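Novice: Read off the chains here:
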Amino acid sequence: MPESRPSHPDNSAAPGRPRPHSVSDLFWSFTWLALQGFGGVVAIVQREMVEKKQWLTREEFVEDWAVAQILPGPNVVNLSLMIGDRYFGIRGALMALAGMLGIPLLLVLTLAAILSNTADIPGIQGALRGMGAVAAGLFTATGIRLIGALKSNVMGKLACTLLAFATFVAVALLRVPLVWVLLVIGGLAFAWAYRQLGRLRAPQGAA
Amino acid sequence: MIITLHAVDWLALLGHFLSLSLLAVGGAITTAPDMHRYLVTQQHWLSDAQFNSSIALAQAAPGPNVLFIALFGWNVGINAGGGLAAGYHAWPYAALGVMCAMIGILVPSTTLTFAAARWGHQNRELRPVRAFKQGMAPIVIALLIATGWILSANQGTFATSWPLWLLTIVTAVLVWRTRIHMLWLLAAGGVLGWFGWI
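Chains as they are written, first to last, in the numbering used here: chain R, 236 to 442; chain S, 1072 to 1269.
Please keep in mind that the hints were generated in silico from the structure rather than gathered at the bench.
It is possible that part of the hints are untrue.
What the hints assert, rightly or not - Taking CB as the label site, the calculated pair distances span:
1. R:T345 to S:Q1114: 23 to 33 Å
2. R:G383 to S:N1225: 25 to 35 Å
3. S:T1249 to R:F400: 24 to 34 Å
4. S:T1231 to R:L397: 26 to 36 Å
5. S:G1158 to R:L397: 56 to 66 Å
6. S:W1162 to R:L423: 25 to 35 Å
7. R:L408 to S:F1266: 27 to 37 Å
8. R:L418 to S:I1221: 15 to 25 Å
9. S:H1160 to R:L397: 51 to 61 Å
10. R:I359 to S:A1224: 36 to 46 Å
11. S:A1078 to R:T345: 21 to 31 Å
Claimed, not checked - Which chain S residues face chain R? A few, computed with CB under 10 Å, are given here:
12. S1092
13. A1099
14. A1103
15. A1141
16. R1189
17. N1225
18. L1263
Unchecked claim - Not everything, but these chain R residues come out facing chain S in the computed CB check (under 7 Å):
19. A301
20. A368
21. C395
22. A399
Here the structure is a predicted model, which means the values were calculated and not measured.
Glycine included, C-beta positions come from ideal geometry on N, C-alpha and C.
Produce the complete structure using the sequences and hints provided.
Specialist: What follows is the structure in structure tokens.
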């Protein structure tokens, strides 16, 4: 009965599920996540939150990431805020935010202070280039690993494939601004999913 | 680069970041062109070199990419405090710049996200909310893969920079297929680059 299935863990309703045990657990978890994230934190969030700690399922991660992405502001910051809020309310949201930004901010300012005189050492330039290439691979692999979450999607395999393909072509190859992609392709996807959810309701009520 | 900022200028700096916060759909980096227009071209508070190195450093350092905004604030503050020659005497100004930038870019967007995500979670059984989340799933997955593609394309074509592409592909396959820790891969990329092998 998909209509009554919660799309997220309700904290009280899921006693056996792994979850952060305190706000300081949230703070240090997000600090550790952020400090591993060179060139993009989302790959690390997926691996730590979904695969290691299992605070979120793959499907929940994709749903939360969609919300974090469509709202303004840094995506991973939005995501940490949402996860923190779910477990410990506004206190959790602020602690997750502080974890994501606090120590990384001090680190990047320290680097800026040190590197202001030494930024042109060729070794550093090369190392940055190498880590950038790895970061590109991390994004791609994270996307590929999440494809499995689409199996249970109400829109069906064909529609999911077409929508994903259209998005990739528009963003990666044609470089269409994100706002238009979200409005046009996102609008179509919303309409199709809305229709499918309605159709789902009728036959299952009869069966 | 040395500049003079009055109280009203600091407020204008804060105000500019506040005004961009809600426009940053798809991440703070999407507002970079407008920040360049304002900070570099219009106000001359930041040099072109400082603008580029702020983005490069934030991309390379660990942590969310939004920290490039903090570095804009830091560099504006350094310039206002007497430039690099002033040494640590400029740091209080730099700290003020960081605060203006980060408070400005984060407070409006995080407040909206907090309210909207809470509403969405409380109403997660509503058909439009479920349709939105189900509909967006294939799109956000494709966006992640597209981001990987764009980062690769920025490092040059396959013909000229094939070692970098190869490293990207090997990384993608390893992360997809194995549970290898990502820090090892980043370290390996850093070492290969440091010695000029890629």
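Novice: Holds or violated: is the Cβ of C395 (chain R) closer than 7 Å to a Cβ in chain S?
Specialist: Holds. Min distance 4 Å.
Novice: Does the nearest C-beta of chain R fall within a distance shorter than 10 Å of the C-beta of R1189 (chain S)?
Specialist: holds, 6 Å
Novice: Per the hint of 27 to 37 Å, is the separation of the Cβ atoms of L408 (chain R) and F1266 (chain S) within bounds?
Specialist: For L408 (chain R) and F1266 (chain S) the Cβ distance comes to about 33 Å; the hint holds.
Novice: Mind checking the CB of A368 (chain R) against every CB in chain S and telling me if the closest is under 7 Å?
Specialist: holds, 4 Å
Novice: Are H1160 (chain S) and L397 (chain R) spaced within 51 to 61 Å by their CB atoms?
Specialist: holds, 60 Å
Novice: Against chain S, with CB atoms and a cut of 7 Å, does the hint on A399 (chain R) hold up?
Specialist: Holds: closest Cβ of chain S sits about 4 Å from A399 (chain R), inside 7 Å.
Novice: Could you tell me whether the CB distance from L418 (chain R) to I1221 (chain S) stays inside 15 to 25 Å?
Specialist: holds, 20 Å
Novice: Would the hint on S1092 (chain S) be counted as holding, given a Cβ-Cβ threshold of 10 Å to chain R?
Specialist: The hint holds - S1092 (chain S) has a Cβ within 10 Å of chain R, the shortest such distance being about 7 Å.
Novice: At the C-beta level, are A1078 (chain S) and T345 (chain R) separated by a distance inside 21 to 31 Å?
Specialist: Holds, at about 28 Å.
Novice: Against chain R, with CB atoms and a cut of 10 Å, does the hint on L1263 (chain S) hold up?
Specialist: Interface hint status for L1263 (chain S): holds (5 Å vs cutoff 10 Å).
Novice: Please test the hint of 24 to 34 Å on the beta carbon pair from T1249 (chain S) and F400 (chain R).
Specialist: holds, 27 Å
Novice: Starting from the range 25 to 35 Å, see whether the pair W1162 (chain S) and L423 (chain R) falls in it by beta-carbon distance.
Specialist: Given range 25 to 35 Å: violated, Cβ gap about 51 Å.
Checked against the numbered hints given earlier, this structure breaks hints 6, 10 and 14; the rest are met.
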